[in-house]
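S.K.: Residue numbers (our numbering), protein chains in the order written: chain A, 1 to 252; chain B, 253 to 504; chain C, 505 to 756; chain D, 757 to 1008; chain E, 1009 to 1260; chain F, 1261 to 1512.
Bear in mind the hints are in silico, worked out from the structure with no lab data behind them. Treat the hints loosely; a few may be bogus.
No farther apart than 25 Å at their CA atoms in a straight line, the calculated lysine-lysine pairs in the DSS-like style are these [what the hints assert, rightly or not]:
| id | chain 1 | residue 1 | chain 2 | residue 2 |
| --- | --- | --- | --- | --- |
| 1 | D | 895 | E | 1147 |
| 2 | F | 1397 | A | 139 |
| 3 | E | 1145 | D | 902 |
| 4 | B | 385 | D | 778 |
| 5 | C | 526 | C | 565 |
There are 6 protein chains.
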Amino acid sequence: MKNVKIENLDWITYQELTESGKSRIILPIGAIEQHGPHMSLNPDVLIPSHIGEQVAARGDKILVAPPISYGYKSQVKSGGGNFFPGTTCVSASSLEHYVFDVLQAYVNHGNREFILINGHFENSMCLCEAADKLVNKCKSEGISVKVYLLSYWDFISEATIAKVFPDGFTGWAVEHGGVLETSIMLKLHPELVDMSKAVDVEPATFPPYDVFPPDPSWVAPSGTLSSPLKATAEKGELILEECISGILSHLN
Amino acid sequence: MKNVKIENLDWITYQELTESGKSRIILPIGAIEQHGPHMSLNPDVLIPSHIGEQVAARGDKILVAPPISYGYKSQVKSGGGNFFPGTTCVSASSLEHYVFDVLQAYVNHGNREFILINGHFENSMCLCEAADKLVNKCKSEGISVKVYLLSYWDFISEATIAKVFPDGFTGWAVEHGGVLETSIMLKLHPELVDMSKAVDVEPATFPPYDVFPPDPSWVAPSGTLSSPLKATAEKGELILEECISGILSHLN
Amino acid sequence: MKNVKIENLDWITYQELTESGKSRIILPIGAIEQHGPHMSLNPDVLIPSHIGEQVAARGDKILVAPPISYGYKSQVKSGGGNFFPGTTCVSASSLEHYVFDVLQAYVNHGNREFILINGHFENSMCLCEAADKLVNKCKSEGISVKVYLLSYWDFISEATIAKVFPDGFTGWAVEHGGVLETSIMLKLHPELVDMSKAVDVEPATFPPYDVFPPDPSWVAPSGTLSSPLKATAEKGELILEECISGILSHLN
Amino acid sequence: MKNVKIENLDWITYQELTESGKSRIILPIGAIEQHGPHMSLNPDVLIPSHIGEQVAARGDKILVAPPISYGYKSQVKSGGGNFFPGTTCVSASSLEHYVFDVLQAYVNHGNREFILINGHFENSMCLCEAADKLVNKCKSEGISVKVYLLSYWDFISEATIAKVFPDGFTGWAVEHGGVLETSIMLKLHPELVDMSKAVDVEPATFPPYDVFPPDPSWVAPSGTLSSPLKATAEKGELILEECISGILSHLN
Amino acid sequence: MKNVKIENLDWITYQELTESGKSRIILPIGAIEQHGPHMSLNPDVLIPSHIGEQVAARGDKILVAPPISYGYKSQVKSGGGNFFPGTTCVSASSLEHYVFDVLQAYVNHGNREFILINGHFENSMCLCEAADKLVNKCKSEGISVKVYLLSYWDFISEATIAKVFPDGFTGWAVEHGGVLETSIMLKLHPELVDMSKAVDVEPATFPPYDVFPPDPSWVAPSGTLSSPLKATAEKGELILEECISGILSHLN
Amino acid sequence: MKNVKIENLDWITYQELTESGKSRIILPIGAIEQHGPHMSLNPDVLIPSHIGEQVAARGDKILVAPPISYGYKSQVKSGGGNFFPGTTCVSASSLEHYVFDVLQAYVNHGNREFILINGHFENSMCLCEAADKLVNKCKSEGISVKVYLLSYWDFISEATIAKVFPDGFTGWAVEHGGVLETSIMLKLHPELVDMSKAVDVEPATFPPYDVFPPDPSWVAPSGTLSSPLKATAEKGELILEECISGILSHLN
C-alpha cells in the first residue's frame, strides 16, 4: 500500500507530494465515546481514519492527516450522552478552533482542497463552522480553498442497508454501538470487540425533544442505542467497501 | 388570551408570576432566512413565537420571552445556503453566547425551567451548547436548572404527515420553504405569503456530503427545497395544532 | 406606508431593493429592561424600531432590519440596575459579537451603509466597538463601509425639552421610565402603559461614582429614575416627530 | 509621604498591609492619547495615578496599584478619535480582560475592596464590565468583593467650574486637551506641557450621532476639543484638591 | 503487557479502573513537525505516547489517554520554525482550550490526578495555562485536582548525556531532529527513520533574540538543529529507559 | 539625553519622528512579582524599561513605548510561583491580546519595526504568540511588519557571568531575586532595595517536572531562588552595559 499517512512522511517527501496544491488532504475527526460494554472507546476515530487511508490509497494524490481524536459532546439520542464514564468530549468552540487551526496550517503549506471525514455525528456543526470560517478567511486573503465535509454513513445505500439489517432498519439515529459500528470494528479491529459482553437492547425511542441536564434513564444501561448482536465482520466489510468506493466516486 | 409575553409585562407583574421559580420560560429562536420568492424572511421567527405563545396561553404558569431573531448560518441542504440575499445569519459562537446570556439573565430572576423552541434547524447545536454550559455553570453554583430543547416539526405525527403530503413525504430535510412552512405562514400571516410568486420545484436531492464554499447550483434558483404549491392554511392549522398540543402534552 | 421592514420582504424583493448597495439599512438595538410598574419591559426595543420604520418610510432607499431585543447590562444611574426582575441583559462581548455578525451578514448582501438606532444608553460602547471592528475588517478586505450610530434622544431640541418639561429638565440621565419614555409609549403603545400604576418619584440623585455590586437603595423601589406622572401621548408625539425628522435631516 | 505604591513595596510589607483584606486597592486606568500639540500623550495615566496616590497617602489603609496605561479606543467626541498618531488604544475585550485579571490577582491576595480611578472617558464601559464580572464570579465562589468605579472629573463642583471657567463652561465633553487637563498637567508635570504650542480653538460642536470610520474634519487639526489657552497651574491645583478630597470624603 | 490505553477499553472496564479517582491519567501531548529529511513528522507524538504507555504498564493504577497530536507553533530555535512544509501547528489558545476540555472531561469521570507528558518544547506554556486554569476552576467547585507537567528529556541524567554524546553535548535546545530524537525513533519506529537521508549539520547557533516573521536562513536547509548521524537504537533504548524509570520513580 | 519616551512626546513630535515608519519602537514588558523581602515588586518592569530607554537614547531613530506592567503568571521554577502575595499576574490570553492590540495601534500609526524587551521569563510564549499573530495579520493586509523579541539576560556574556558570579554560576533559572536582578536594581533604584532584609538561600533545586497547584515548599520562604547577598551596584552596571550595548549591536 502507498504511504498516504502524512505523519509517517518526512517533510521533503511531504513537500514534493503537496507542492502547488496538487494533493487533497483528508482529515478524520472522531470522538472518544462509550460504545457499549462490548467495544472500545475509539470506533469514531478508527473508522474514519481507516476509510480515509483506504480512500487515499486507492485514489490519486490524496493524503491523510493525523486524526482529531476528541470530539464534541456526546448527545443522548445519537451517542448515549455525555455522562457515561469514558465518554471524553470537548466544547464546541474548542473543537471548532482546533480544527480550524489544523486546516489553516495545511493551507499554509499550499494545500487547497480538504476532505473532512467525520466519525461522530455530534461533530457536524463544529466542522461546518470551522470549514466555513476557513474558506471565508482564505477568500478574504485571495486564496481559494475547498472543503468537503462528510459523515461516512451517508454513503451507505438502501441495498446495503437491506443486507445489513434484514429484519428492518430503525435509522442511523440509533445505530450508536449497534450493528453498524460493531460490524465495522469486527472487521477492522476484532481485538477491540468482545461480543460475549454485547447486550441485547431494543432500538431506543426518545421523546421529540432534548433535555439538559440529560436524563440517563432515556438510554439503556449498556450505553448502546440498539442491539449489536447481529453484527458480523462480513457486514462490516460490506459497509466499509461501500463507503470507501462511494467517497472515491464522488471525489474523482 | 392570557398575557403571556414577558416583554409586555411590567416588572412587578413579571416578578409576581416568576417568583420562587414558579413559571417556566419559553424562548423562541429563529432566523432571518430566505424562504422562496413567495414568502417573507421571518417564518423561522414567527412560527416558534406563535407556537410558544399558544403553549403558554393554554398551559399553566408558562411565559414567553422575546424571541432571538438572527440564527446560525443557513446550510444548503436545510435552508438553501448562506449566500442568498436576505439570509442574514450569525456565527456559532455569537448565537451560543447570546442565548447563554439571555438564559443566565432569566436564571438570575429566579427562573429554573426553560423551553427553547427552535424554528431553524441549523440552530440546534448552538442551542445544545448554550443549554449544556448553562446547566453546568448553574450546577457548579448550586443551582439546579432544566432546559428543554425542541424543534417544533418533531412533534408532527405520521398521521398528519399523511394528510399534509397526500402524494408522499420526501422528508423534513427538504421542507425549507415548502408545504410545511408555507402552510403555517398562510394560516398565521397570509399577508406575508404571495402564492402567485410560488415556484414549483422538484424536491431537492443532494450528494451525500457538504462542500464549502457552498455550490449555489445545488439549490433551485427560487431558494426553496421543495414545492410550496400545495400549501394551504388548513394544513397549516392542522400542523400548528398538533405541535402546540404535542408540546403541551410533553410538558405537563 | 411603504414596506420597509426587511423581515417582511421576500428575498427577491429584498435583492432588488439592496443590489449595488443602493439602500441604507437601519438596525434598531434595544433592551428588555424594567421601566417602572406602569410600563412594559420593551420600550427600548419598540421606540427605536418605530423611529427606524418611520425614518425608512419617509426617507429614500432605507430599510429596517429586525431589531436586536436584548441589550447590555442595565446600569443603576441610567436604567435602574441589572438586579430588577425582568431586566434581562447580555454581556458586552455577546452583544458586540451578535451585532457585528448581523452587520457583517448585511455587508455580505452588498449593503454598505448602516444606521444603528440605539434605544438603551448602556448599549453605546458595545455598538461603537462592533461598528469600529466591522469598518476596519471590511477596509482590510477592500470594502468601504459606513456606520452611523445614534441614540434617538440626542435629536431632541432645547425647545422641545422646554415644552415637554415645563417645570424644568433634570437631564436625560434620569429619564429612565420617566416623562420621555412614558410619553412615547403612550403615543405608540398605550396598551402597554397603565398610568394608574405610575409612581411619583423625585428625580434620582446619585453619588459621583458607581459601585459593584450595585446598591439597590440608590434607586426608587418603583425602578424609575424620575416621575412619569406628567407624561402624555401628545408629548410623545412631539418627541417622536422631532427625532424622526431630525434623523432624516441628518441622513439626507 | 507614606509609601502607598504597591509596586515599590517588598512582598512581605505588602502582605502585612493587605492581610485579612484590611486595605483598599486603588487601580488607576488611563490611555495613551493625543492631547494637542502642547501636551504629552499620557495625561490620562498621570492624572488618575497622582490622584490615586494622594487619596492613598491622605486616607487610611489604601494602596495604589501600578496603573493600566493603554485604554479603550479614543472616540471623536471625547478624545478626538482613534486616527491621530500617538493615540494608542486597545480593543474593548482586551482592556476588559486585562483589568479583570489584574483585579482577580489582587483578590487572590485577600483584597476585597477596590477603587478604579478612570482617567479616560472611553474606558468606562469596559471597566464596568470587568467589575461586574469580577464581583459575580467572586460571589459564585463565596467571596464578597466591592468595586468602586469613578472618573475623577465627576468630583468637580459647580463652584469650582465657575472659577476654572469664568467665561462659561461648555461641558466635560469638550474638555479633551482643554483647560481642565492642561491645568492639571501644568500643576503636576509642567515639563510635559509647552504652552507656546497651545492652539486656540472654539469649543467643538458635533452632530447628534457618531460615524464609523470617524470623520477627521469633525475635530480641530490640533486635536483638542476646546482651547487650553486659559489653563493655569493654579486652576490645576484647585481641581486636583477637589477631586482628591471629594474621593476621600466618599470613601471614608 | 497490561491494557493501559484508555481508548482500547470498553467503558465498563474504564469505569472500574477509574472509580473513586483511584487511577492516575497520563495525557501525552506532541506535535506534527518536521524532524529533518530522515525522519517522519510524528516523533513528538510517538515518543511521549510510548513513554506514557511504559510508565503506565510498569506503574500501578495508571492509564494513558489518547494523545493530542497537533501542538503549538514550532519556533526556530527549538523546532526549526513554523514555515517548514509538514510542520502543522495550532495557536496557543486552541491548544490550551482543547487540552483544558479534555482534562475537564476526565475530571468529570472522577479522575483527580494527571500527568501531562510533553513531547514538544513549544507546548509548555499552553499546557501550564491549561493545567493552572483547570486546577483553579475545580478548586472553586470544591474539587481537588493535581496535574503534573513534564517534558521527557528533563529526566535524562548527566551520565546518560555523557554516553549519548561522547564528543560533547551542545544542549537540549539544538537536539531537534538530532541524536536524541533520532536514536529514540530508531529504537521505537525504525521504519520511520531513513538514516541514508540524514544530513550532517553543525549544531545550530542563534542570535540572542527571536524575530517574527522568522528568518529561514537561521536554520539548516535540512531542518535539524544538529546532526543525527551518531544516532543509534542503543542510545535510544538507554534514553527511553532512563526517562521511563525516572518518571516512575518521581510518581511513586 | 534625547527624548525617547513616546508617552512624553506631544503627538505632532511623535508623528514627525515616526512618519513613513522611520523609527523603531521598543515595547518593554514586565511583571509585578515578588523578588524577595529585600526588593520591590517591579524589577521586571523597571529593568527592561531602563534598558529600552538607554538603547533608544544611544541608538538612532528608536523610541520607547510605555511598558506593559502586569505579566503572565509567575511559575515556581523561574519566579517563585503565583501564590506569593504581591505577585500580581494575568492570564496568557489577556497578556497576548493586550500586547497584540498595543502593537497593532503602533502599526496603525505607520510603524513597521518593533523590539519587545522582556523582563519576565514567563511572558515569553505570550509575546511570541502576539508577535506571530500580528505579523501574519499585517501580512494578509499587505503590510510587512518585523518584531524582535528578546529577554535582556540573553545578552550577558560568559565573561561577565564569570565576573558577576566568581564562585560559580548556577544558571539563569535560579537568578530570580538573586545576584543578577538585585545588582541591577542596586544600580538603578537603590531606594527600592534594602540589603538588610536580604535572605541568604542556597540556589534552588527542583524536581524535573512542574505541578499544579504549585507546591510552596519547593521555594525558600523568602521567595528568591538564590542568594542576593553578593549583589552590588557595580555588578549591576556591568550587566546593564553589556545588555544595552549587546542589544544595540544586534539592532544596528
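S.K.: Is residue 385 of chain B within 25 Å of residue 778 of chain D, Cα to Cα?
M.R.: Distance ~36 Å between residue 385 of chain B and residue 778 of chain D Cα, so the pair is violated.
S.K.: Is residue 1145 of chain E close enough to residue 902 of chain D, meaning Cα to Cα at most 25 Å?
M.R.: holds, 22 Å
S.K.: Is residue 895 of chain D within 25 Å of residue 1147 of chain E, Cα to Cα?
M.R.: Answer holds: residue 895 of chain D to residue 1147 of chain E is near 15 Å, not above 25 Å.
S.K.: Compare the distance between the alpha carbons of residue 526 of chain C and residue 565 of chain C with 25 Å, and conclude whether the hinted pair is satisfied.
M.R.: holds, 7 Å
S.K.: If you draw a straight line from the CA of residue 1397 of chain F to the CA of residue 139 of chain A, is it 25 Å or shorter?
M.R.: holds, 14 Å
Against the hints set out earlier in the document, a violation occurs for number 4 only.
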